[in-house]
Amino acid sequence: QKEVEQNSGPLSVPEGAIASLNCTYSDRGSQSFFWYRQYSGKSPELIMSIYSNGDKEDGRFTAQLNKASQYVSLLIRDSQPSDSATYLCAVTLNSGGYQKVTFGTGTKLQVIP
Amino acid sequence: NAGVTQTPKFQVLKTGQSMTLQCAQDMNHNSMYWYRQDPGMGLRLIYYSASEGTTDKGEVPNGYNVSRLNKREFSLRLESAAPSQTSVYFCASSEPVHLYFGPGTRLTVT
Numbered sequence: 001q002k003e004v005e006q007n008s009g010p011l012s013v014p015e016g017a018i019a020s021l022n023c024t025y026s027d028r029g030s031q032s033f034f035w036y037r038q039y040s041g042k043s044p045e046l047i048m049s050i051y052s053n054g055d056k057e058d059g060r061f062t063a064q065l066n067k068a069s070q071y072v073s074l075l076i077r078d079s080q081p082s083d084s085a086t087y088l089c090a091v092t093l094n095s096g097g098y099q100k101v102t103f104g105t106g107t108k109l110q111v112i113p
Numbered sequence: 001n002a003g004v005t006q007t008p009k010f011q012v013l014k015t016g017q018s019m020t021l022q023c024a025q026d027m028n029h030n031s032m033y034w035y036r037q038d039p040g041m042g043l044r045l046i047y048y049s050a051s052e053g054t055t056d057k058g059e060v061p062n063g064y065n066v067s068r069l070n071k072r073e074f075s076l077r078l079e080s081a082a083p084s085q086t087s088v089y090f091c092a093s094s095e096p097v098h099l100y101f102g103p104g105t106r107l108t109v110t
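Chains as they are written, first to last, in my numbering: chain A, 1 to 113; chain B, 1 to 110.
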């Protein structure tokens, strides 16, 4: 079982719709959870972080964490063509005093104008 | 601030050649990392340095060596390049767990 799993997509949504991206992780000791956005040919950039159960909102983005289900999600409201990118889920785990960061393989999002 | 910088941006090597990828950060971060990204495999950690003077292996260290030259600089060396090392290489720094990535080096080994 992969440590962090994501559906590779592509996930296609029309402009203005809500895009829902999902991620599951295998280690119950995981402590911090992140969503990175990566445009084609570019490097990943952090867009959301979440550390406790529940929802965290930042503008059009909402991250949701359910530790009991080992599930993290990212909702993008009012999706725009500029949101078209690959979204990487990342999870950290304390490993011998070091915060090990493990990435999923990413979900490609396409927002159709 | 430039953030995280990497050189070169592109490189083509023949099998068996060696090269060093350079990385520098100006954010005064303690931790630095080297990742490789391959289609369908995601980002995989090659080596990391939790602080100046320390380095440790990540998930895929074979065929690579690293040097943490000082707090700013963390280099990755391929001693004898192999076609399996064709990839995009990203350097990153963090404080503490928010990763800041460099622009990447696209390496092709023929």
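Certain hints may be false.
Some chain B residues near chain A, calculated using beta-carbon distances under 8 Å [claimed, not checked]:
id	residue
1	Pro8
2	Met27
3	Gly40
4	Ala50
5	Gly53
6	Val60
7	Tyr64
8	Ala82
9	Pro96
10	His98
11	Phe101
12	Pro103
13	Leu107
14	Val109
To be clear, the hints were calculated from the coordinates, so they are not data collected in a lab. On a predicted model such as this, the values are computed, not experimentally measured, just so you know. Even for Gly, the Cβ is constructed at its ideal location relative to N, Cα and C.
Here is what the structure says about each hint:
1. The closest approach between the C-beta of proline 8 of chain B and any C-beta of chain A is roughly 15 Å, which is over the 8 Å cut-off, so the hint fails.
2. Restraint check, methionine 27 of chain B versus chain A: the minimum CB separation of about 13 Å is more than 8 Å; hint violated.
3. This hint holds: glycine 40 of chain B has a C-beta 6 Å from the nearest C-beta of chain A, less than the 8 Å allowed.
4. Hint status for alanine 50 of chain B relative to chain A: holds, with the closest Cβ pair at about 6 Å, below 8 Å.
5. Proximity of glycine 53 of chain B to chain A is violated relative to the hint, the smallest CB-CB distance being about 15 Å (cut-off 8 Å).
6. Below 8 Å, beta-carbon pairs count as interface contacts, and valine 60 of chain B has none with chain A, the closest being about 13 Å; its hint is therefore violated.
7. A distance limit of 8 Å between C-beta atoms decides the matter here; for tyrosine 64 of chain B the minimum to chain A is near 18 Å, and the interface restraint is violated.
8. Because the smallest distance between the Cβ of alanine 82 of chain B and any Cβ of chain A comes to about 23 Å, over 8 Å, the interface hint for this residue is violated.
9. For proline 96 of chain B, the interface hint holds, the least distance from its beta-carbon to any beta-carbon of chain A being 6 Å, beneath 8 Å.
10. Nearest Cβ of chain A to the Cβ of histidine 98 of chain B: about 6 Å, under the 8 Å cut. The hint holds.
11. Of the supplied interface hints, the one on phenylalanine 101 of chain B holds, with its beta-carbon coming within about 4 Å of a beta-carbon of chain A, less than 8 Å.
12. Annotation: interface hint on proline 103 of chain B holds; nearest CB of chain A at approximately 6 Å, less than 8 Å.
13. Proximity of leucine 107 of chain B to chain A is violated relative to the hint, the smallest CB-CB distance being about 15 Å (cut-off 8 Å).
14. Using the Cβ-Cβ criterion of 8 Å, the hint placing valine 109 of chain B at the interface with chain A is not satisfied: the shortest such distance is roughly 20 Å.
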